Amino acid sequence: MDADVLIAALQHAVPGAHVERASSIDLQTTVYVAKDEVEPVARALRDVPELGFALLAELTAVDYWPKAPRYELVYLLVSIANRQRLRMKVQLPDDAARVATVTGIWPGANWLEREVWDLFGIAFDGHPDPRRLLMPEDWEGHPLRKDYPVQIHMTPRASEALQVTAEEFRANVERDRRLR
Amino acid sequence: MPEIRTEVMTVNMGPQHPSTHGVLRLVLELDGETVLSAAPTIGYLHTGIEKTAEQKKWQQVIPLVERMDYLSAQSNSMAFCMSVEKLLGLEIPERVRWIRVLIAELQRINSHLVWLGTHGMEVGAVSVMLYCFRERELLLNLNEMLAGFRLFPSYMRVGGLREDLPRGFHAAVRAFLDAFPAKLDEYEDLLTRNTIYLQRTQGVGVISHADAIAYGLVGPIARAAGSDYDVRKYFPYLGYDQLDFAVPTRTTGDVYGRYQVRVAEMRESVKLCRQALERIAPIGDYAVADPRITPPPKDRVYTEMEALIQHFLIYSQGFTVPAGEAYVPVEGPRGEQGFSVVSDGTNRPWRIKSRAPSLLACQALERMIVGGLIADVIAVIGSIDVVMGDVDR
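Protein chains in written order, with our numbering: chain A, 1 to 180; chain B, 1001 to 1393.
Chain A with its partners taken away, still in its complex shape (with noise of 0.2 Å):
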């Protein structure tokens, strides 16, 4: 199935939604849908039967900080009946970033929207289910997002001597016996 054709068939199986075609160099036909219209495109893509759409294979995100909109989500859906794969992107600003859940169409979203809620700080209306995924529940941040704190530059200081004299690696070592 050509990717217009598809597009066609979505825009027909939800009147009025705003899917809009993106350029893409691999399988997956890429469109942005609008992140009001998630739900009701993503019932019809499973629903309908010209598109088929009843394997959600990823859903992630990709922090574009400090452009804008800042955040993209990303699901990749396949079609076995037809052969198709589809990348869905939805647009989310910084200020409000949440989107409506998938997990009532496709079970499997719903560690995935954790794993991003975790990772990202993207909030899912309605999920089941929402606490963090991969990170301890008292963690503080969301360490993929790009201003997260971690990416510490310093020069190298290969020409510089060994930090530690002898004494004090000597008695680091003293220290560490006792504490054992």
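Hints listed in this document are in silico derivations from the structure and should not be mistaken for laboratory results.
It should be emphasised that the depicted structure is a prediction, and the values quoted were computed from it without experimental measurement.
Even glycine gets a Cβ: it sits at the ideal position worked out from N, Cα and C.
Mixed in with the good hints, there may be bad ones.
Claimed, not checked - Some chain B residues close to chain A (C-beta under 7 Å, calculated; not the full set):
#1 Tyr-1234
#2 Ala-1326
#3 Leu-1360
To be verified - Listed below are the simulated DSSO-like cross-link pairs for lysine-lysine, each with C-alpha atoms no more than 27 Å apart in a straight line:
#4 B:Lys-1086 with A:Lys-89
#5 B:Lys-1298 with A:Lys-146
#6 B:Lys-1183 with A:Lys-35
#7 B:Lys-1057 with A:Lys-67
#8 A:Lys-67 with B:Lys-1086
#9 A:Lys-67 with B:Lys-1056
#10 A:Lys-146 with A:Lys-35
Dock chain B against chain A, hints included.
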């Protein structure tokens, strides 16, 4: 007779449990031996590989992604390289494509052997583990021959391979392929009609076809439930459409079906390896002839100024990848896997995301074990073949 007091018992299984294949924690609620509810907790192996990769140059990401799903290292790196090559718009030489097919299929046999061994051991067939690891050793020797490293060879490179095949590789692979089908028959003698094994696995951990697709399950789990989705057939890559192989499926959706599918897949992989091996010339291209990406051979680096400069540039600055987004799916041992790669046009990835089949399998675990017996939980965890490194990344 006095009434026996009963109550629901909560059992914490894992994270340190030998049969959870790593560090999976399950909080089970039991009524006697029946599982009433199961809550998997993951994240104990989360190492932030995707975040680390954002600070590495493109070629430096390969050893990292090999360590995600540590049983299918070469499939991971191949998937990553193919996505980056798609962004670069590279046309990979035909010989390299067949070598990649060969390596990917050997990796599939390798992964399935570990699965068969550990799964067999968990349901009580300890000797199967010894046999499987005996043959896996031969595959690890092949890896060592290729790259000097047995588990994570990092032999794949963006643009092709690290170096040409070593001398004697064809003969070594052929010797393995000749011996292996008889060994597979041996394993089947031990399990396929073994009454104890059948009783432990048939009708256990059933998942329906519709549920498997809804939960995003692919690979042997879905194929045991009646799906025939295999990326190699549906969206062929590397020339799989020119090779002759079948996609084994079952409709039972239980542990035994997954066993049958994986054993049949190993036989198909042997066929594929033979076909790929026939197509690989002993000497030839091992990477694209693109001076921006492929470093020159070492003897030229030592004798030619231009080659030395080229070598230095590739290893110090790396190469830039045009801005864009690509995802190339491949069929790994655990089903469709691939890397969603985003580039901003620099020499480091903006974002990489691995599609982790184990994560989704782990999520569907609850559905397969609730209502069953506690003893079957072990059999089911074994049968879905989760690699916790892939779940947590």
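So, going through the hints one by one against the coordinates:
1. Tyr-1234: holds (6 Å)
2. Ala-1326: Constraint on Ala-1326 (chain B) satisfied, holds at 5 Å.
3. Leu-1360: holds (5 Å)
4. B:Lys-1086 with A:Lys-89: Holds: Lys-1086 (chain B) and Lys-89 (chain A) sit about 19 Å apart, inside 27 Å.
5. B:Lys-1298 with A:Lys-146: This hinted pair is violated, its Cα atoms lying about 38 Å apart.
6. B:Lys-1183 with A:Lys-35: Not satisfied, since the Cα-Cα distance of roughly 55 Å exceeds 27 Å.
7. B:Lys-1057 with A:Lys-67: Holds: Lys-1057 (chain B) and Lys-67 (chain A) sit about 22 Å apart, inside 27 Å.
8. A:Lys-67 with B:Lys-1086: Distance ~25 Å between Lys-67 (chain A) and Lys-1086 (chain B) Cα, so the pair holds.
9. A:Lys-67 with B:Lys-1056: holds (22 Å)
10. A:Lys-146 with A:Lys-35: holds (22 Å)
Hints 5 and 6, counting from the list given before, are not met by this structure.
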